[in-house]
Amino acid sequence: MPLHSRHLLGLDGTKREDIQLILDTAVSFREVLDRPIKKVPTLQGKTIVNMFFESSTRTRLSFELAERRLSADVLGFQSVGSSVAKGETLKDTARNIEAMKVDMVVMRHAASGAPHYLSRVIDANVLNAGDGSHEHPTQALLDMYTIRERLGRLEGLHVCLLGDVAHSRVARSNIYGLLTMGAQVSVCGPATMIPRDIERLGVNVYHHLDDVLPQIDVLNVLRIQLERDAGRFFPTVREYHNSYGVTRQRLEKAGRIVTILHPGPINRDVEISADVADSEHSVILQQVLNGVAVRMAVLYLLATAS
Amino acid sequence: MQILLKGGRLIDPPTGRDEVVDMLLVDGRIERLGKDLPVSQAQIVDCQTRVVAPGFLDMHVHLREPGFEHKETVLTGVQAAAAGGFTGVCCMPNTNPPIDDESVIRFIQSRARVALNGAIDVYPIAAVTMGRKGEHLGNLAELAEAGAVGFSDDGDPVADAEIMRRALEYAAMFDRPIIQHAQDVSMTRGSVMHEGIVATSLGLQGWPSIAEEIVVARDIMLTEYTHGRYHVAHASTAGTIELIRRAKSRSLPVTCEVTPHHFSLTDEIVRSFDTNAKMNPPLRPREDVEAIREGLRDGTIDAIATDHAPHSFDEKEVEFQAAPFGIVGLETALGLTLTELFHTNLLSLARIIELLAVNPRRVLRLPDVAIAEGATANLTIFDPAQEWVVDPTRFRSKSRNTPFAGRRLKGRPIGVINNGQAFWND
Numbered sequence: 001m002p003l004h005s006r007h008l009l010g011l012d013g014t015k016r017e018d019i020q021l022i023l024d025t026a027v028s029f030r031e032v033l034d035r036p037i038k039k040v041p042t043l044q045g046k047t048i049v050n051m052f053f054e055s056s057t058r059t060r061l062s063f064e065l066a067e068r069r070l071s072a073d074v075l076g077f078q079s080v081g082s083s084v085a086k087g088e089t090l091k092d093t094a095r096n097i098e099a100m101k102v103d104m105v106v107m108r109h110a111a112s113g114a115p116h117y118l119s120r121v122i123d124a125n126v127l128n129a130g131d132g133s134h135e136h137p138t139q140a141l142l143d144m145y146t147i148r149e150r151l152g153r154l155e156g157l158h159v160c161l162l163g164d165v166a167h168s169r170v171a172r173s174n175i176y177g178l179l180t181m182g183a184q185v186s187v188c189g190p191a192t193m194i195p196r197d198i199e200r201l202g203v204n205v206y207h208h209l210d211d212v213l214p215q216i217d218v219l220n221v222l223r224i225q226l227e228r229d230a231g232r233f234f235p236t237v238r239e240y241h242n243s244y245g246v247t248r249q250r251l252e253k254a255g256r257i258v259t260i261l262h263p264g265p266i267n268r269d270v271e272i273s274a275d276v277a278d279s280e281h282s283v284i285l286q287q288v289l290n291g292v293a294v295r296m297a298v299l300y301l302l303a304t305a306s
Numbered sequence: 001m002q003i004l005l006k007g008g009r010l011i012d013p014p015t016g017r018d019e020v021v022d023m024l025l026v027d028g029r030i031e032r033l034g035k036d037l038p039v040s041q042a043q044i045v046d047c048q049t050r051v052v053a054p055g056f057l058d059m060h061v062h063l064r065e066p067g068f069e070h071k072e073t074v075l076t077g078v079q080a081a082a083a084g085g086f087t088g089v090c091c092m093p094n095t096n097p098p099i100d101d102e103s104v105i106r107f108i109q110s111r112a113r114v115a116l117n118g119a120i121d122v123y124p125i126a127a128v129t130m131g132r133k134g135e136h137l138g139n140l141a142e143l144a145e146a147g148a149v150g151f152s153d154d155g156d157p158v159a160d161a162e163i164m165r166r167a168l169e170y171a172a173m174f175d176r177p178i179i180q181h182a183q184d185v186s187m188t189r190g191s192v193m194h195e196g197i198v199a200t201s202l203g204l205q206g207w208p209s210i211a212e213e214i215v216v217a218r219d220i221m222l223t224e225y226t227h228g229r230y231h232v233a234h235a236s237t238a239g240t241i242e243l244i245r246r247a248k249s250r251s252l253p254v255t256c257e258v259t260p261h262h263f264s265l266t267d268e269i270v271r272s273f274d275t276n277a278k279m280n281p282p283l284r285p286r287e288d289v290e291a292i293r294e295g296l297r298d299g300t301i302d303a304i305a306t307d308h309a310p311h312s313f314d315e316k317e318v319e320f321q322a323a324p325f326g327i328v329g330l331e332t333a334l335g336l337t338l339t340e341l342f343h344t345n346l347l348s349l350a351r352i353i354e355l356l357a358v359n360p361r362r363v364l365r366l367p368d369v370a371i372a373e374g375a376t377a378n379l380t381i382f383d384p385a386q387e388w389v390v391d392p393t394r395f396r397s398k399s400r401n402t403p404f405a406g407r408r409l410k411g412r413p414i415g416v417i418n419n420g421q422a423f424w425n426d
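As you go down the protein sequences, you meet chains A and B in turn. Here my numbering is used: the first residue of the first sequence is 1, the next is one more, and so on. Here my numbering is used: the first residue of the second sequence is 1, the next is one more, and so on.
It should be emphasised that the hints constitute simulated quantities derived from the structure, not laboratory data. Warning: the hint list may mix true and false statements.
[Said to hold, decoys possible] So the derived label-pair ranges between C-beta atoms look like this: (1) G131(B) x A110(A): 25 to 33 Å; (2) A191(A) x R408(B): 38 to 46 Å; (3) T57(A) x A161(B): 45 to 53 Å; (4) H70(B) x S55(A): 32 to 40 Å; (5) N345(B) x R232(A): 33 to 41 Å; (6) G76(A) x A161(B): 48 to 56 Å; (7) P36(A) x M187(B): 55 to 63 Å; (8) N242(A) x A161(B): 35 to 43 Å.
[What the hints assert, rightly or not] Residues from chain A that keep clear of chain B, each with C-beta distances beyond 10 Å, as calculated: (9) D18; (10) V27; (11) R68; (12) I97; (13) S112; (14) E155; (15) L201; (16) Y206; (17) L226; (18) D229; (19) F233; (20) R248.
Beta carbons are placed, not taken as given, at the ideal position from N, Cα and C, and that holds for glycine.
With the sequences and hints as input, model every part of the structure.
Encoded structure:
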């Protein structure tokens, strides 16, 4: 059974059976990653370009590894040093790359909706690797994979997204995906970082971490953009940490075992304390490994969907 | 040139006329007005299913010349106006150079005189402040003398309360309105669409309604204090409409206009990331659209104006947040107005003509169009029942940036007659 779409632009509107299919397919690829030879010929002869118009290390490497494990031909760039810096439009860049006969485009872009636009102007499969504050579907898929791996299910779990929900594409994709899969979703953060009307998406809103911790199974801790946000959305890093920092003491007080996720990179002792990040309830490194398997699954399914 | 408009329904709100009547035009003048005029050598225009009205004036148009001729020129702009049923337009000053000097007014006037042989009246609106920078009051007396019918820094607000106060005081001496683009820029940095559930869903930077309303509220207080005259451009929120309603109930000299897109569309269409859904002020939710419709019905809103904002294809063919704000409006305004407001039984044709023809002139202290024997003909003829489909490739405007492509509309401009010239849509 193939996916319903030949692009993965986001999880908003993505069908439950498609998410299920991706997560199930990822299980087989996850097994591949434990073999001595971690490479399969699945995408031999396919060419994939990774267009990163925003700097990224983790996601870019994860995609690249997934693509190489599938034996695809891989090329890529970050906007620094490409023609984008010279003022070329997204459309021209993409069309030029497509003229080289690539099969799939993986794109990270600072503008919400950029991959949606791209999918209308080029023929290749488009895979969104993060667009502005909008969506980061493979991150949410690997989060869901990791939760399912740890807790055995998604349906009925209560997951909380903590921090800068307003500017987080990870948060949005998690909300869409988790709600579709039957989980209960809450968001928690300072009022300045909770976007207007978000409760209309079907999530609960909390402003005090201690109120929500005793109720949840999973806490997905969002990264704080220190440079951008201090002074505008919260006063100081110290105050943020005091109010929203995930500490062992807080978790113990809640009296409940909570699985901790973080999309990385971590600001240690800002949004999460070092001992929690490294604790037995943290699945942060599993997320990284699972990310490769989930991206292999998505690439494989998109390549065979078209 | 003799034209006989045969059997049209003349609706002229200032005189209260609403009757089927023939009209004989000779050399651009209304020669005779009466029942069953004898057919002479005149060109006969069958107006039996049509309405004959005082010529429409769009008080909010960006003609883009000088400076942005790749988007629009005075010529293509007035061609679009004629096709859209307008015999007059007011052009906004965010040109390059801006309309902050009488030489620019004279340049535009010289272009307008030759465009379509001067058929379309072009009334410049001059900048409130020098360079539209919001810092230094412009030479408003000189500009008014040269022909500016109002003042606005449109595209940007007059943000500074002191400048706004002085502008209202100063412009009142020659009875010109200050036309405010109401936007608190400190609340809209990086904003690209209305702040609400759709922006939250899409991860786009929101633009709260109150960013408009707090400026309007402040300006109404300034208007009361200064006895100036204040007009809100493209009012877009329920709160703005309510503020104006209250100001009017206290008889303050406050007026406003709304655009066809703000009473026809909601921010839901941004979900497509179509850059033709991006405008300033942004599209609002259903509640605001309903409030605008109620304001049109109860008389709070004075005028319908398009905020015709042409941009070239390539400028709009980019990511949503990188695209410029604005859509073209001249050629869809009447169709949208009739479809959304008349055929829904919200407004009468007479009220629609007030909004499109009568009130814009009154806000700007231009004389009413006279429809009487001996007067110069300044007329818009339209068919309220004709259905058509918006096809941007047929626009006369140089730009095609519209979210209404493919939309079926009921009601269509047939022709305009003004300054001795007549133009008919095929």
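Any hints this thing doesn't respect? Which numbers, in order?
Going through the list in order, the structure violates hints 5, 13, 15 and respects the others.
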